[in-house]
Amino acid sequence: MKLNKASLFALFAVLELASDPERQLSTSDIADKYGISTHHLAKIMRNLVQEGMVRAMRGAGGGYRFAGNINRTTLLDVIQLFERLESDLDMPQLGDHASDPIVAELQSVSSEIDDLTKAVLDTITLATALKSSRLRAEAAAQNKNP
Amino acid sequence: MKRLFSIRRAVAGDLDAVIALDRLSTGAPKPDYWQGVFSLYVTSGRNNRVFLVAEADGALAGYIVGEIRAWEFGSPPCGWVTALTVSPQAREMGIGKEMFEEITLLLKQEGAATVRTMVDRDDKLTLSFFRSLGMRTGRYIELELELD
Numbered sequence: 135m136k137l138n139k140a141s142l143f144a145l146f147a148v149l150e151l152a153s154d155p156e157r158q159l160s161t162s163d164i165a166d167k168y169g170i171s172t173h174h175l176a177k178i179m180r181n182l183v184q185e186g187m188v189r190a191m192r193g194a195g196g197g198y199r200f201a202g203n204i205n206r207t208t209l210l211d212v213i214q215l216f217e218r219l220e221s222d223l224d225m226p227q228l229g230d231h232a233s234d235p236i237v238a239e240l241q242s243v244s245s246e247i248d249d250l251t252k253a254v255l256d257t258i259t260l261a262t263a264l265k266s267s268r269l270r271a272e273a274a275a276q277n278k279n280p
Numbered sequence: 003m004k005r006l007f008s009i010r011r012a013v014a015g016d017l018d019a020v021i022a023l024d025r026l027s028t029g030a031p032k033p034d035y036w037q038g039v040f041s042l043y044v045t046s047g048r049n050n051r052v053f054l055v056a057e058a059d060g061a062l063a064g065y066i067v068g069e070i071r072a073w074e075f076g077s078p079p080c081g082w083v084t085a086l087t088v089s090p091q092a093r094e095m096g097i098g099k100e101m102f103e104e105i106t107l108l109l110k111q112e113g114a115a116t117v118r119t120m121v122d123r124d125d126k127l128t129l130s131f132f133r134s135l136g137m138r139t140g141r142y143i144e145l146e147l148e149l150d
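In order, the protein sequence lines correspond to chains A and B. Numbering-wise (this note's numbering), the first sequence opens with residue 135 and increments by one. Numbering-wise (this note's numbering), the second sequence opens with residue 3 and increments by one.
Keep in mind that the hints were calculated from the coordinates and are not lab data. Using N, Cα and C, we set each Cβ at its ideal position, and we do this for glycine too. Keep in mind that the hints are not guaranteed to be accurate.
[Stated by the list, open to error] What the simulated footprint calls covered on chain A by chain B, stretch by stretch (three residues with Cβ under 8 Å from a Cβ of chain B suffice, anywhere in the stretch; the number is not a length):
1. 213-223
2. 261-275
[As the list claims (entries may be wrong)] Computed cross-link-like contacts, SDA-like style, restricted to lysine to any residue with a CA-CA straight-line distance of at most 20 Å:
3. A:Lys-167 / A:Gly-196
4. A:Lys-265 / B:Ser-134
5. A:Lys-252 / A:Gly-196
6. B:Lys-99 / A:Asn-205
7. A:Lys-136 / A:Asp-230
8. A:Lys-252 / A:Arg-268
9. A:Lys-265 / B:Lys-32
10. B:Lys-99 / B:Glu-144
11. A:Lys-139 / A:Leu-269
12. A:Lys-167 / A:Glu-185
13. B:Lys-126 / B:Gly-140
14. B:Lys-32 / B:Leu-17
15. A:Lys-265 / B:Glu-94
16. A:Lys-265 / B:Leu-145
17. A:Lys-265 / A:Asp-249
18. B:Lys-126 / A:Glu-246
19. A:Lys-136 / B:Leu-17
20. A:Lys-265 / B:Glu-144
21. B:Lys-99 / A:Lys-139
22. A:Lys-252 / B:Glu-94
23. A:Lys-252 / B:Asn-50
24. A:Lys-252 / B:Lys-99
25. B:Lys-126 / A:Arg-270
26. A:Lys-177 / A:Ala-201
27. A:Lys-252 / B:Leu-17
28. B:Lys-99 / A:Leu-269
29. B:Lys-126 / A:Arg-206
30. B:Lys-99 / A:Ala-261
31. B:Lys-126 / A:Gly-229
32. B:Lys-126 / A:Asn-205
33. A:Lys-265 / B:Met-137
34. A:Lys-265 / A:Lys-139
35. A:Lys-252 / B:Pro-33
36. B:Lys-126 / A:Tyr-168
[Claimed, not checked] Sample of chain B residues facing chain A (criterion: CB under 8 Å; computed from the structure):
37. Arg-25
38. Ser-27
39. Ser-130
40. Arg-141
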């Protein structure tokens with residue numbers, strides 16, 4: 135599955151903020167942790183504020199806080215703010231109609247894959263993704279200190 | 003914090019309440035189906051078939067059905083959850099989670115190392131629920147063909 139950078143950075147930011155909704159983080163805090171461009175992330179954060187998913191905090195320090203519902207927001211909800219997930223097969227438009235059945239079959243296969251992808255992403259809430267991440271972190275810590 | 007519900011194995015006397023709860027959830031009355039399920043899972047006395055019910059305020063609040071299946075589709079023995087319903091009036095109390103944890107414990111005791119289930123792709127709520135309990139897309143792909 136390919137996600138554009140905007141979607142990926144948005145997921146980093148939303149999951150990071152949602153992991154502790156009481157905590158305020160700046161764009162640099164998040165960018166440094168994930169090794170991504172602060173400039174690019176700043177644009178993403180403005181979009182997320184506009185969509186109501188995060189809140190920009192005024193005052194000393196500034197930063198952002200998570201403003202959504204971790205049990206209701208899914209990974210697809212975040213991704214769809216920045217891209218369509220439907221595959222774009224870039225089919226040529228000017229072919230002979232004799233090619234239609236094969237073109238239609240490939241589009242049907244592509245649709246099947248898109249439906250499965252959406253069914254996965256739209257049923258993983260932020261809470262579920264964060265719980266899974268925590269379990270990974272615990273397992274990694276146990277492997278280091280058996 | 004006091005738990006507001008209890009979970010136990012289903013008994014024959016639960017049949018009518020299960021039929022009613024299923025009808026409330028699906029809109030379709032299936033008395034013959036549930037009679038058959040009860041004879042296989044409730045009164046057969048087999049440990050590899052489990053039917054649990056949840057009770058809250060003296061009424062049936064949910065049920066979960068599961069079993070060990072061996073070698074179907076080439077899979078070594080594993081647990082399956084084949085039905086799970088929580089009454090709309092009893093949701094968000096942790097009943098579904100507790101029933102799932104209880105049944106997976108019982109299936110594990112019977113030798114299962116994996117538990118599987120199947121959910122309609124459009125049933126976001128149920129898919130999200132199972133995922134919240136740690137389930138992920140499995141290695142088997144369900145295929146189907148319309149028979150004209």
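Decide if the proposed pair is consistent with the structure: A:Lys-265 and A:Asp-249, CA atoms, cutoff 20 Å inclusive. violated, 25 Å
Is the straight-line distance between the alpha-carbon of A:Lys-139 and that of A:Leu-269 20 Å or less? Cα-Cα ~26 Å, so violated.
Check the hint pairing A:Lys-177 with A:Ala-201 against an upper bound of 20 Å on the C-alpha distance. Roughly 18 Å between the alpha carbons, so the hint for A:Lys-177 and A:Ala-201 holds.
Straight-line Cα separation of A:Lys-265 and B:Met-137 no greater than 20 Å? holds, 12 Å
Is A:Lys-136 close enough to A:Asp-230, meaning Cα to Cα at most 20 Å? violated, 31 Å
Given the hinted pair A:Lys-252 and B:Lys-99, is their Cα-Cα distance within 20 Å? violated, 24 Å
Just to be careful, I want the Cα atoms of B:Lys-99 and B:Glu-144 compared with a cutoff of 20 Å; is the pair within it? It is violated: about 25 Å lies between the C-alpha atoms, which goes past 20 Å.
Given pair status - B:Pro-33, A:Lys-252, alpha carbons within 20 Å: Answer violated: A:Lys-252 to B:Pro-33 is near 36 Å, above 20 Å.
Check the hint pairing B:Lys-99 with A:Lys-139 against an upper bound of 20 Å on the C-alpha distance. violated, 36 Å
Does A:Lys-265 pair with B:Glu-144 here, judged by a C-alpha cut-off of 20 Å? violated, 27 Å
Is B:Lys-126 close enough to A:Asn-205, meaning Cα to Cα at most 20 Å? holds, 13 Å
Tell me whether the statement that chain B covers the region 261-275 of chain A is true, taking a Cβ distance below 8 Å and needing three residues at minimum. holds (count 5)
Hint check: violations occur at hints 1, 5, 7, 8, 9, 10, 11, 12, 16, 17, 19, 20, 21, 22, 23, 24, 25, 27, 31, 34, 35, 36, 37, 38 and 40; the rest are consistent with the structure.
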